[in-house]
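Novice: The primary structure of each chain is shown beneath.
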Amino acid sequence: NAGVTQTPKFQVLKTGQSMTLQCAQDMNHEYMSWYRQDPGMGLRLIHYSVGAGITDQGEVPNGYNVSRSTTEDFPLRLLSAAPSQTSVYFCASRMDRGSSGTEAFFGQGTRLTVV
Amino acid sequence: GENVEQHPSTLSVQEGDSAVIKCTYSDSASNYFPWYKQELGKRPQLIIDIRSNVGEKKDQRIAVTLNKTAKHFSLHITETQPEDSAVYFCAVGRGSQGNLIFGKGTKLSVKP
Chain A
1153 NAGVTQTPKF QVLKTGQSMT LQCAQDMNHE YMSWYRQDPG MGLRLIHYSV
1203 GAGITDQGEV PNGYNVSRST TEDFPLRLLS AAPSQTSVYF CASRMDRGSS
1253 GTEAFFGQGT RLTVV
Chain B
3 GENVEQHPST LSVQEGDSAV IKCTYSDSAS NYFPWYKQEL GKRPQLIIDI
53 RSNVGEKKDQ RIAVTLNKTA KHFSLHITET QPEDSAVYFC AVGRGSQGNL
103 IFGKGTKLSV KP
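These protein sequences, in sequence, are chains A and B.
Just remember that our numbering sits 1152 ahead of the position in the first sequence, which is counted from 1.
Just remember that our numbering sits 2 ahead of the position in the second sequence, which is counted from 1.
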């Protein structure tokens, strides 16, 4: 049971390049989310999904796309990288327990630098 | 949407003292309030959580209190130790929704 796995761990992009950050979980969790972490800004929600085929925008969705074709995978696409997207990105998954909240399990993070 | 504010942003205490971090939220329908600890270079990990049907929860040296009327909840760490030094995040969610909204974090330093 690997939990939440993110790849790559580090990435350097040039402005205007595109890339996909991968996230996979093997816990059969319904909920998956992407966050970015910047100094002094905490964890800001980019996009999230409540199940396969369903995605929604979070607090800072501009410049990012997501899709959820399977329960296990939730990739994050940067369409045209900008220096403002330099950040640490975390993927997280949670179980759906109806009206009761559940713990989020985080991947190890991806440190992205856009030059 | 939900707005979560966390205070203080930094907190320095002597070993053995208590530390208190407070968060306020805006959406009265929120019913799940977890706290995460993040050590340098690591991923956030849950340390304690509380649901809206409970006012207080304790786990050894860590406790969380919730005031739903005032829409705030707090993390209490007693008998702090140097290994408690980390960044702590509060978060708010609704059980029927997939998203958690986080506060901006508190950097706790415990001096030996």
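I should point out that these hints are in silico values taken from the structure, not numbers from a laboratory.
Keep in mind that a hint or two might mislead.
Computed from the model, here is a short list of chain B residues facing chain A with C-beta under 8 Å [stated by the list, open to error]:
no., residue
1, Pro10
2, Pro36
3, Leu48
4, Phe104
Here are the simulated BS3-like pairs of lysine-lysine, each with C-alpha atoms no more than 27 Å apart in a straight line [as the list claims (entries may be wrong)]:
no., chain 1, residue 1, chain 2, residue 2
5, B, Lys73, B, Lys113
6, A, Lys1161, B, Lys44
7, B, Lys70, A, Lys1161
8, A, Lys1161, B, Lys73
9, A, Lys1161, B, Lys39
10, B, Lys60, A, Lys1166
11, B, Lys60, B, Lys106
We treat Cβ as the ideally placed atom computed from N, Cα and C, and that holds for glycine.
Novice: Please go over all the hints and tell whether each is borne out by the structure.
Specialist: Here is what the structure says about each hint:
1. Pro10: Interface hint status for proline 10 (chain B): violated (13 Å vs cutoff 8 Å).
2. Pro36: This hint holds: proline 36 (chain B) lies near chain A, its Cβ roughly 7 Å from the closest one there, short of 8 Å.
3. Leu48: 5 Å, holds
4. Phe104: 4 Å, holds
5. B:Lys73 <-> B:Lys113: 32 Å, violated
6. A:Lys1161 <-> B:Lys44: 12 Å, holds
7. B:Lys70 <-> A:Lys1161: With a Cα-Cα distance of about 39 Å, the restraint between lysine 70 (chain B) and lysine 1161 (chain A) is violated, given a limit of 27 Å.
8. A:Lys1161 <-> B:Lys73: Cα-Cα ~37 Å, so violated.
9. A:Lys1161 <-> B:Lys39: 20 Å, holds
10. B:Lys60 <-> A:Lys1166: 48 Å, violated
11. B:Lys60 <-> B:Lys106: Holds: lysine 60 (chain B) and lysine 106 (chain B) sit about 23 Å apart, inside 27 Å.
The structure fails to meet hints 1, 5, 7, 8, 10 from the earlier list, while all remaining hints are met.
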